[in-house]
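Enquirer: In case you want the letters, here they are:
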Amino acid sequence: MPPVGIWIDGLIQSCTYMTMAFGMVLVFSILGILNWAHGQFYMMGAFVFYYAVTAAGIPFPVSLLISGVLVGGLGILVQKFIIERVNIPSAQGALYVTVATIALIFFFEGAASMIFGMQDKGLAMVLPGVLDLGSFSVSYQKIAVVIFTLVIMITMYIVLNHTKVGLAIRAAAQEPNAASLYGINVKRLSLLVMGIGCALAAMAGGIMAPVYIINPFIGGVPMIMSLLAIVIGGLGSLTGAIVGGLILGFLNSVVAYHLSYFSEVVLFVLVIIILLVRPQGLFGASRK
Amino acid sequence: MKKRYSIATILLIAGMVFGLSSIASADEPIVIKVGLPTVLSGPAAPWGQIGMEPYLTWIELFNKEGFKVGGKTYNFKLITVDDKNTPEGGAAAAKQLIYGDKVKFLVGHWSWNFPAVSAVANQAKVIFMTRTGNEAVPGGLYDPKKMPYVVFANPSQEQFVSDLFALVDAFPKYKKIGLLDCTIGKGPGWDLVEAALKKAGIRYTNEWFPFGTQDFAPYITRFKEAGVDIVYVAGWVGESMAFAKQRWEMGYKDMKVGHSGPFVSVGMYNAVCGQDAAQGFIGQYWANWDFKKTTVNPKYVKMCQDVMKIVSKKQGKPFVYTGWIGWLPSHLLILAQAMQKAGTVDDTDAIMKAIRGGTFDSTTGKWTMSGAKAYGSPVVFGTPSALSMIQGDKEIYLSEHPMKPLP
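Read top to bottom, the protein sequences are chains A and B.
Start counting the first sequence at 1; every next residue gets the next number (our numbering).
Start counting the second sequence at 1; every next residue gets the next number (our numbering).
Keep in mind that the hints were calculated from the coordinates and are not lab data.
All of these numbers come straight from a predicted model, not from anything done at the bench.
In this text, a Cβ means the ideal position worked out from N, Cα and C, and glycines have one as well.
Hints are not guaranteed to be accurate.
Straight-line distance between alpha carbons at most 25 Å, and here's what the computed SDA-like set of lysine to any residue pairs gives [claimed, not checked]:
#1 Lys224(B) - Val69(A)
#2 Lys224(B) - Pro2(A)
#3 Lys224(B) - Leu282(A)
Residues on chain A that point at chain B, a partial pick, calculated with CB under 7 Å [said to hold, decoys possible]:
#4 Trp7
#5 Gly220
#6 Val265
Listed next, the stretches of chain B that the computed footprint assigns to chain A, with coverage defined by at least 3 CB atoms under 8 Å from CB atoms of chain A [stated by the list, open to error]:
#7 38-51
#8 265-279
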């Protein structure tokens, strides 16, 4: 049985993947696309958060919101001026979006390198210290990650289930044509959803910034892991994204504790098995 | 009569001007272009970029005197091209430098594209001064017959082992050393490292993490359960900082952490790890004025200290990175002395002959090129293997284990 520290670590990883995967699935549900630059929005969120805290001296919860709003706004611009234009209604549309968002990975990483520099940055001074619980200790930064994730998940639940916008998003996700007939502007909704998805990635990057390091290349792994999470949970399922992220975070930590670097192999084998046995994932709708 | 005087005056002045200019051109140093393929973009760029200012400043100081070969004075001119730390980037940079910029030598190289740069350099008969990295030698890529113009001016492979000896010197009561590297660094080089450690009776255990890992809790726990009290990371600066921070948060404050590679800035470690977790962090140290077991030519010590002052003034803040001292200046000193010994700046084979087995006075001490048995050619320079650790917002000397000449 792994020690408590490993379970705490698993929980922290789960929180990141859940938030990232949730944003990714939300975008996929409405826009029908996978945003391959989702990890770079995470990275930019970390940078905005870093400068808001260090350069502007803004308190960290407000900085987190600022990173979400600014990067979410950037996501809307990307949707409006790039994705909408390349996503032509044809068989090639999805491919063009894929190519465009992959190109954005390199664009954002290059731009961040030029603007922010390539040297690692850190925010160890945000919520410093640890909570000593005898046989193990946990940093306040990690406790903040768990609280943040809970707040985000509860907020998203309320927004999606108890607001008009949420109802519209769910309607458009299930039946976009029918939703249009009922007066929902799906195009405008797509912009909003892209903004929310990118804002979630940015805030995940922001909340993780004090825990890990910040540089222009930190987005790759969270992106891949959130992709794995939504494959496990089921592409298009918001519940699946949460459960997938939760499973993946704990698995990553526990398997690495037992098998060291083989953990990566185990995780990818698991995903392949899921794709073979249950291609729709744990919570995705069957194609039959 | 007046006209005759005027003509004579003009001729006299012209003669003096011509004569003076001839004397001046005889003394004018001849410039030798050297190429530096290095990392100026991508994740490793900070280590490429931070060396540029001190390199150029050091060359400026060196060129004041220059070096003499066959009665002529020579200066170095550095041309840098981004090698992107990729094989394609390395080959392109080497080609640009050799065929485009017409450099005579490639120096200061440390990135992960040894095979690509080496192939271009050897084909062009250009001496290539680099390091003995995991991918360069133990992987079987280095072949002294096929690569006669390669010089390992930094024995990084051996330095890693010497660093561990220096760690043991500093902490003789250690329990076990944990060696941490990324899976992409896993290669035959590790077999050599482990063989050396076993031979020396050093207690150790290994862990490898997948590329991109930021969460080290599983590895920290595994090390702790294995009884490790010192963790030494093979490079991977960002990961080392994350490791140090996380082991502190997990309550393993007695676990010492260090990495091969010098500190770019202590401030970065304090910012990423937190001031408390960064204390005692160990790194490589090239401040030749602090060496205790390696004697360095006082002239070179002063030059290096002057460079630190000049760069600090230029940048408007204290420049504390010492990593540059062990690389390009040392390579250029080896080259200059080899050219003097060979009595030529053009005959590459004669210069290589002078390098092989030669003794050279450098910014990191006087070392004899060794490695005849181990590498098939004595082209491996030595290293002081000095370590420092973070104390407050400074790095202080920790220990030193000068490398023994390789058989």
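Enquirer: Holds or violated: is the Cβ of Gly220(A) closer than 7 Å to a Cβ in chain B?
Expert: holds, 6 Å
Enquirer: Quick one, is the Val265(A) hint okay against chain B at 7 Å, beta carbons?
Expert: violated, 9 Å
Enquirer: How about Trp7(A): closest beta carbon in chain B under 7 Å, or not?
Expert: violated, 10 Å
Enquirer: Closer than 8 Å Cβ to Cβ for three or more residues is the test here. Does the stretch 38-51 of chain B pass it with chain A?
Expert: holds (count 6)
Enquirer: Next pair to validate is Lys224(B) with Leu282(A); report whether the Cα-Cα distance is within 25 Å.
Expert: The given pair, whose Cα atoms are some 36 Å apart, is violated under the 25 Å limit.
Enquirer: Given the hinted pair Lys224(B) and Val69(A), is their alpha-carbon gap at most 25 Å?
Expert: Between Lys224(B) and Val69(A) the Cα gap is close to 42 Å, so the pair fails against 25 Å, i.e. violated.
Enquirer: Closer than 8 Å Cβ to Cβ for three or more residues is the test here. Does the stretch 265-279 of chain B pass it with chain A?
Expert: That given contact holds, which follows from 9 residues of the stretch 265-279 of chain B lying within Cβ reach (below 8 Å) of chain A.
Enquirer: Going straight from one Cα to the other, do Lys224(B) and Pro2(A) come out at no more than 25 Å?
Expert: holds, 13 Å
When held up to the earlier numbered hints, the structure conflicts with 1, 3, 4, 6 and fits the remainder.
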